[in-house]
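The lines below spell out each chain.
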Amino acid sequence: GAGVSQSPSNKVTEKGKDVELRCDPISGHTALYWYRQSLGQGLEFLIYFQGNSAPDKSGLPSDRFSAERTGGSVSTLTIQRTQQEDSAVYLCASSLAEGQYFGPGTRLTVL
Amino acid sequence: AQSVTQPDIHITVSEGASLELRCNYSYGATPYLFWYVQSPGQGLQLLLKYFSGDTLVQGIKGFEAEFKRSQSSFNLRKPSVHWSDAAEYFCAVGPPRAAGNKLTFGGGTRVLVKP
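Line by line, the protein sequences give chains A and B. Using this note's numbering, read the first sequence as starting at 1 and increasing by one per residue. Using this note's numbering, read the second sequence as starting at 1001 and increasing by one per residue.
In short, the hints are calculated from the structure, not lab data. Glycine included, C-beta positions come from ideal geometry on N, C-alpha and C. Where hints are given, some of them may not hold.
Claimed, not checked - Derived CB-CB ranges, DEER-like: (1) A:GLU14 x B:GLU1064: 28 to 34 Å; (2) A:SER38 x B:HIS1010: 14 to 20 Å; (3) B:GLU1020 x A:GLY28: 47 to 53 Å; (4) A:GLU14 x B:ARG1077: 42 to 48 Å.
As the list claims (entries may be wrong) - Below, in silico cross-link-like pairs of lysine-lysine (DSBU-like), each with a Cα-Cα straight-line distance of 35 Å or less: (5) B:LYS1114 x A:LYS57; (6) A:LYS15 x B:LYS1114; (7) B:LYS1102 x A:LYS11.
What the hints assert, rightly or not - Covered stretches of chain B, as calculated for chain A (at least 3 residues, CB under 8 Å): (8) 1042-1056; (9) 1101-1108.
Please work from the sequences and hints to get the whole structure.
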């Protein structure tokens, strides 16, 4: 079956611009997660959606980061006024019960 | 707070040799435990997981891991490494619930395979 997909695969932007990253989870998975992978910080949890519950935003590094999940499926991670330290690979994962399944990631480069 | 330690940043192993990757965790209770593999330019692939029961867990690609409560460890092993196993391996822990497992990852171990 289809796995988690993310778009774009690569994004280059200029400092100060806003970016949107998209995640399509595995069909039927109720939970969706965003993580960030960077050289200095490793893999960090950002935000988690579970069904219709309020999202767990405890990992978002600043108020420039936000995410939404529409219709319990597709999710968009938005970074406003990007900074160079936002450069990283942003990974999305989904799960139903046992284990999280990751997408290929979006590599964000902020110039 | 929970934490995961992978003591080895890099490991080089000859093709056909055995491989063991170490993982130690700190958690208030027995967490859910996972190993993921990341090939260059790829996302994370789930190798295996431990929730409860038999402490020796079999995964994909010939990998296995053993949970040792007394040592707070969940080491990954493979008896005979193939060149395609060259990748980065991440150990992760999550709270002991079925879903909603916000994962905490170790720093990763990069495995190089010599011909």
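Consistency of the hints with the structure:
no.	hint	verdict
1	A:GLU14 x B:GLU1064: 28 to 34 Å	47 Å, violated
2	A:SER38 x B:HIS1010: 14 to 20 Å	19 Å, holds
3	B:GLU1020 x A:GLY28: 47 to 53 Å	36 Å, violated
4	A:GLU14 x B:ARG1077: 42 to 48 Å	46 Å, holds
5	B:LYS1114 x A:LYS57	43 Å, violated
6	A:LYS15 x B:LYS1114	41 Å, violated
7	B:LYS1102 x A:LYS11	26 Å, holds
8	1042-1056	holds (count 7)
9	1101-1108	holds (count 8)
Violated hints, in rising order: 1, 3, 5, 6; the structure is consistent with all others.
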